[in-house]
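Novice: Spelled out from the first residue to the last, the chains are:
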Amino acid sequence: MSREWIQKSLLICIVMTITILSGVQFYRHRHFQLPIVAGPGVTKVTMLSDYCQSLKGTPADTRVFFMEGAEEGGKTLIIANTHSNEPAAILAALIFIENAMVDRGSLIVIPQFNNSGSRNTKPGDGYVLFFDIPTEWGSKRFRMGNRNAAPLDQWPDPDVYVHYPDKKLFSFLDARNTNRTWPGRENGLLMEKVTFAAMELMRTEGVDVAIDIHGAETMFPVTNCIVAPKKAMRIATITSMIVNAREGFENHVEPSPKSFRGLSHREIGDFSETMPFLLEAPLPFLDQPTGPKTEALLLDGKDPFLLSLSKQKKLFVPYDSTGWSMEKRVGQHCSVILELMNQFSRRNRERSIIVSQVPKYAEIIERGVGFYYKDPDKADRERIYYN
Amino acid sequence: MPFITILYYGISIFIAAMLIWNFVKEKHDTQKMALCLIVLIPFLLRIFRIR
Amino acid sequence: MYLQIGLILLIMVLAYGLAKWKNLSVELCMASSAVAGGLAGAFIKAPPLIQLARHLVEGTFTYLDVMLVFVTATIFIKIITESGGVDYVVRGIITAFFNMRIVALLMLMIVLLIPGALTGAGSVSILTVGAPCAMALGYLGISKKRVAAILFIIAGLSAAAPPVNIWAMIISAGTAIPYVGFEFPLGIPVLILGTFTVLFLGWKRENNMELAEVLSRMPTIPEKMNAWRVALPFMTFFGLIAISRIWPFALPVMGLPLQFSIAALVALLVSPKRINFLVLSRDTVKLLLPLLATMAIVGSLQQIMTVTGVRGLISYTVISMPLIVLYISLIFIIPISEGILTYGGAAIIGIPLVWFLDSIGLHATVAIAGLSLIWPLGDGLPPTALIGRLTVIMSDYKGSYTSFLKATWVPWVLITITGILMILFSAKLSFLVEWGM
Ligand SMILES: [Zn+2]
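Residue numbers (the working numbering), protein chains in the order written: chain A, 33 to 419; chain B, 2 to 52; chain C, -17 to 419.
None of these hints come from the bench; they were simulated from the model.
Each hint should be verified, as a subset may be incorrect.
Unchecked claim - Below, in silico cross-link-like pairs of lysine-lysine (DSSO-like), each with a Cα-Cα straight-line distance of 30 Å or less:
#1 LYS360/A / LYS27/C
#2 LYS26/B / LYS4/C
#3 LYS4/C / LYS33/B
#4 LYS4/C / LYS172/A
#5 LYS380/C / LYS28/B
#6 LYS290/A / LYS410/C
#7 LYS26/B / LYS255/C
#8 LYS33/B / LYS2/C
#9 LYS127/C / LYS200/A
#10 LYS388/C / LYS127/C
#11 LYS410/C / LYS345/A
#12 LYS388/C / LYS199/A
Treat the numbers as computed from the prediction; the structure is a model and nothing was measured.
Required output: the full structure, derived from the provided sequences and hints.
Specialist: Here you go:
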């Protein structure tokens, strides 16, 4: 063999090793199935594509959990992992699916709204591939996804994303962002089909309240808040006051700007009878000025740089050495969701929704998030749904 | 898979082929060879639908 | 933690230096730095060693789609060049405007601005029309050093010019500020600064060639070449873009790489000369290799810096500065971050910076526009010096790299001042955004 080919073979070996080593990890992440144990309240599990034919058989299709009460009443839709890199959402959604009992009305939960995004990673941002939540029976593993859908499922990106139907322009990345593609199109981009299917679900099921759960940087002005359009503003405001007074955490209200299209809190209200709310909890892991992007940072939200910036008054949320733990964030989401439903029910008696067995803020902080997850090994096989 | 997406896999395969051709053709410059292969990595993983 | 991360940063810098000392190319120096940083990080499990390969490889995907644009766009223009189309246009401009020097300079500026404006990459301007424009500027009696300086500055402005400005897009996507209303805040300064640059650097005629003599020195054009054959491929490309904007919901999304590919196919079909497409593509990829490698490796470097906390440390340092110091240091920080990380700087420094500026009452869109005028200057700075290196190659300038860089100083300073003023007075300039809405 010539010198040239010895060099070449050596290079090929090195590059191939790196490629295969990483390729296996990417493959495992993309194909990891999260077991969700349907709790006693779950009455049926369907697919989102049941509301939009063109979504059927695509990698963006995802499960929808129904919890229907014995008594007729109103309906609430909980959407989690619109952005799959904001994981407090799916953790809160799973607490509902695995524990909630619905006495009146129904609760519909989509735990992984952007399923494709949850199987994607974010180049350049150094996320972990998985994170583990400790439980009484071991730990429960979750995929850490990306804000946007995977290019493997929706490719190419446009040079500029033109939002349907107003023709507002967004960055090309937002064509894969399910919080910019509302209200969606039946035959548009794959992510537009996802949001369209959800719109159809809300219209055909007659959903009264839709709650889209997110997380945002502590340096982002719109964080630790409830975003609501005008028609949902009263309920949001009262909820914010009540959780502050009774449960002791701050969660202010932000109006949904009329001109900022494509977001759930804007389009759901404008294109259906449903009242939308978008919940943001602080997510220090996503901030730019943080230390190493470790699983610990994702779960406890403790960071020395953010602490120092907080002292310089450069953060938009209160921040101290205790960080922003996952328990705090999930607890906030659960409490706010329960209170929103409560406030809606008080104003619309015939459409009221009564849910029990869901823990609140203080309880989740005390017991931890994992306390509320069932062991899939001990659960009835028929009740386990993979997503 | 939509037709346009298939075309993109086609474009990727074409570029990957050009990179490999340049790699094979490069006789002396080891650094150039290495660069060809480094650039090839994301193309390969995309073509095989890994990432 | 500061010490720990500082140490990792130091190791990365040392690895870079060591690689440079071993005579590795800039791209491989960056790769060494990324690997060393990752290994150092592995000591504190950030990243865990088993994840190191994944982080390095994941980073290479950051600009995969930009790489597709680079390759397809350059193949497209290379076909036009090969078929004699570019020579045809340059000859046309020289013949028509030889005695109207200012008009000729402005026309060449526009020709240089277009490819970069469309793709968001100044390198595409240099790679595609750089060589013929350099030739034409030379025929107008401008010295090689000044030609290189013009090319570099205009290419930088072309990257900042609307409709596609990648820095602004990265920041917009990261800050949830819509990428709209940039047409005037970017377009007007680009045209003014571009005009100043070509007139300032191109004013002096350093030889006294006659038109006839110039024309005789220019490359010959294939006989069957005509305006249609040059225009048709461009019309195809612009037509496809126009259709995607006018009827965005009637057709599926095509994306820039496919639009360039189709235009390339048209160019191939109307070329008066037979072109060996495969060989041309192979050579284009070879020409672009340093650029493609930079894109791939900068992505890895950025990912390693993020996962180890180095990126956070840098970002934190910038954000913590007192406001006045911050404004002054932006003059250096912005181009240097580009020189080290190319587009990565926009994410690391740009995103938190814009949130911060937004929170103190500045107009985010205009501020982003101002910042993204300064960023392209960094493409002339080492270690990457992406556009600078390409410019020197394409303009055939034989002097030292520093002498070329020094020739750009007047427009450089002016662009920096414009950018900083746009940030400072962004609230007052917000009418520029409203014009475009
Ligand atoms: Zn979100």
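Novice: Each hint needs a verdict: does it hold in this structure or not?
Specialist: Hints, one by one, checked against the model:
Annotation: proposed proximity of LYS360/A to LYS27/C holds, straight-line Cα distance about 26 Å (limit 30 Å). A hinted pair counts as satisfied when its Cα atoms are at most 30 Å apart, and LYS26/B with LYS4/C qualifies at roughly 25 Å. Of the pairs offered as hints, the one joining LYS4/C and LYS33/B holds, with about 15 Å between alpha carbons and a cut-off of 30 Å not exceeded. Of the pairs offered as hints, the one joining LYS4/C and LYS172/A is violated, with about 48 Å between alpha carbons and a cut-off of 30 Å exceeded.
This hinted pair checks out: LYS380/C and LYS28/B have alpha carbons roughly 27 Å apart, not beyond 30 Å. Simply put, LYS290/A and LYS410/C have alpha-carbon atoms about 23 Å apart, close enough for the 30 Å limit, and the pair holds. Only pairs whose Cα atoms come within 30 Å are accepted, and LYS26/B paired with LYS255/C is accepted, the gap being roughly 26 Å. Between LYS33/B and LYS2/C the alpha-carbon distance is near 16 Å, which keeps this suggested pair within the 30 Å criterion.
Distance check on the hinted pair: LYS127/C and LYS200/A sit about 44 Å apart at the alpha-carbon level, beyond 30 Å; violated. As the CA atoms of LYS388/C and LYS127/C are separated by approximately 10 Å, the hinted pair is consistent with the 30 Å bound. A C-alpha spacing of about 26 Å is found between LYS410/C and LYS345/A, which places the hinted pair at or below 30 Å, so the restraint holds. For the hint linking LYS388/C to LYS199/A, the alpha-carbon distance of about 45 Å lies beyond 30 Å, and the restraint is violated.
Comparing the model with each earlier hint shows violations of hints 4, 9, 12; every other hint is respected.
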